Amino acid sequence: MNQLFIEAGTLLFVGMVFVYAFLGLLIFIINFVLAPLAKKFPDPVVQTKVKKFVSKSTLSNGVSPAIVAAITGAVTQYRQQHTNLSINKTHLKAKQ
Amino acid sequence: MELLNTLWQSTGLANFVFGQVIMMSVGGLLLYLAIAKDFEPLLLLPMGFGAILTNIPLAGFTEAGGLLHYIYETGIHTGVFPLIIFMGVGAMTDFGSLIANPKVLLLGAAAQLGIFATLFGAIALNAVPGIEFTLKDASAIAIIGGADGPTAIFLASKLAPDLLGAIAVAAYSYMALVPIIQPPIMRALTTEDERKIEMAQLRHVTKVEKIIFPLAVLLATIFFLPAATPLVGMFCLGNLMRESGVVDRLSSTSQNELINITTIFLGLGVGSKLSAEAFLNIQTLGILALGAIAFSIGTAGGVLMAKLMNKFSKIPINPLIGAAGVSAVPMAARVANKVGLEANPHNFLLMHAMGPNVAGVLGSAVAAGVLLSLVG
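First to last, the sequence lines map onto chains A and B.
Residue numbers are given in the numbering used here: position 25 of the first sequence equals residue 25, and the series is strictly consecutive.
Residue numbers are given in the numbering used here: position 50 of the second sequence equals residue 1050, and the series is strictly consecutive.
There's no promise every hint is true.
As the list claims (entries may be wrong) - With a straight-line cut-off of 25 Å between C-alpha atoms, the simulated DSS-like cross-links for lysine-lysine are: (1) A/K39 with B/K1314; (2) B/K1307 with B/K1196; (3) B/K1103 with B/K1311; (4) A/K39 with B/K1103; (5) B/K1338 with B/K1311; (6) B/K1338 with B/K1103; (7) A/K40 with B/K1103; (8) B/K1207 with A/K40; (9) B/K1037 with B/K1338; (10) B/K1207 with A/K39; (11) B/K1196 with B/K1311.
Said to hold, decoys possible - A short list of chain A residues far from chain B (calculated; beta carbon distances all over 12 Å): (12) V19; (13) I71; (14) T72.
These aren't lab readings, by the way, just hints derived from the structure by calculation.
Small disclaimer: the values here were computed from a predicted structure and weren't measured.
From the three backbone atoms N, C-alpha and C, an ideal C-beta is built for every residue, glycine too.
Take the sequences, apply the hints, and build the full model.
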């Protein structure tokens, strides 16, 4: 019985020391291996987001109002034609 | 008349032994807890049903040739089922909050105190007549304090297969009781001001870090604790499948279909160990009592460590997240969040508590490895 208690005590000590040491090693790995890696290889997703944002802002700033108006006009025209077409189609279907 | 007698002898009613009736009621109780109380239903339901099947007279479910016998021998005796479940848990785990705040790994380590301190309790129980725990039995019981079902079943199947039923029932029951067991301990060990502490927002963790982390953990385990590689290895495999992003199908299978299928069989297999002769003894009561103590000590260990870290850290740490150092993912983290909200309605600790929570999973796997290599 006493022998078992001593063994349990040793296990408590050795076990806790080992668990702390092992997880401590992981802290070391995260701080000194992973964190520098993260700086070296940042997420590509974040980069593309930034690019998109930048390109949008340059567009709205750098494009002349005339071109914007032309594109708007073309889009509206296309939409009108498209809806007309679809209306015609539905009419045709209804007639059939 | 002879025929009638033979027919009567082949009915269950004629062959019931009192212990079997009790164990069927235990199975019924587990079903009730699962269905009516929502206590870990995924495992307690098949486990409770398994307990009923096991105790049917004449059916021979657990004898050689019986279904539950094969399920137990193939999946639990070999340790395969808990390992497959661990892979699924790995595929569900996001180490982001842990990598963002690596100090919380110390909380995951502190909460393992529950495991090692309970060893003493188990040995001390040998003073009670009728209980005789060897160091192997004591280790298998103590792992309940890790609050990690698969780890407990894995270790028990290796160190004390006879006690597996009671250990699994205790482990899963207490995991379901985390919201009841933990808060009083957390409140008793912290002051109102400590519970109100708000924590700084976590930094962004990149994909590269998340991919390298499981590999680094595996490498450290290979170097320093090969006995834990079955558990840690499967866990890291699951996690790598998740984070690599190239095998979404495998990742999704291991965290859904595979883990579900395995859970059914694991529950039934554990249920097969709930036979009258294995469960109805004073040792089971001892195991249930020790499990509760292990949980409480683990919670206290985590909270006290977090208090200590808060004293010495420049960045404030809310001691409540220490309680999440016992695994029980994500229940323990939710409890930390809830108790934190009670003290300060603007304090959301969930993400901060997930760090120690997943650290606890690693910690209990490491503790299991230590016990396996020193006692097994």
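Each hint, compared with the structure:
This hinted pair checks out: A/K39 and B/K1314 have alpha carbons roughly 23 Å apart, not beyond 25 Å. Of the pairs offered as hints, the one joining B/K1307 and B/K1196 holds, with about 13 Å between alpha carbons and a cut-off of 25 Å not exceeded. This hinted pair checks out: B/K1103 and B/K1311 have alpha carbons roughly 14 Å apart, not beyond 25 Å. Our distance criterion of 25 Å between C-alpha atoms is met by A/K39 and B/K1103, whose separation comes to about 19 Å.
Our distance criterion of 25 Å between C-alpha atoms is met by B/K1338 and B/K1311, whose separation comes to about 23 Å. Restraint check for B/K1338 and B/K1103: the C-alpha separation of about 22 Å stays at or below 25 Å, so the hint holds. For the given pair, A/K40 sits about 22 Å from B/K1103 by alpha-carbon distance, which is consistent with the 25 Å threshold. Restraint check for B/K1207 and A/K40: satisfied, since their Cα atoms lie roughly 12 Å apart, inside the 25 Å limit.
For the hint linking B/K1037 to B/K1338, the alpha-carbon distance of about 20 Å falls within 25 Å, and the restraint holds. Between B/K1207 and A/K39 the CA atoms are separated by roughly 11 Å; this keeps the pair inside 25 Å, and the hint holds. Annotation: proposed proximity of B/K1196 to B/K1311 holds, straight-line Cα distance about 15 Å (limit 25 Å). Consistency note on A/V19: stated as away from chain B, yet its beta-carbon is not over 12 Å from all of that chain's, at 5 Å minimum.
Consistency note on A/I71: stated as away from chain B, and its beta-carbon is indeed over 12 Å from all of that chain's, at 37 Å minimum. Every CB of chain B is more than 12 Å from the CB of A/T72 (nearest about 38 Å), matching its label as outside the interface.
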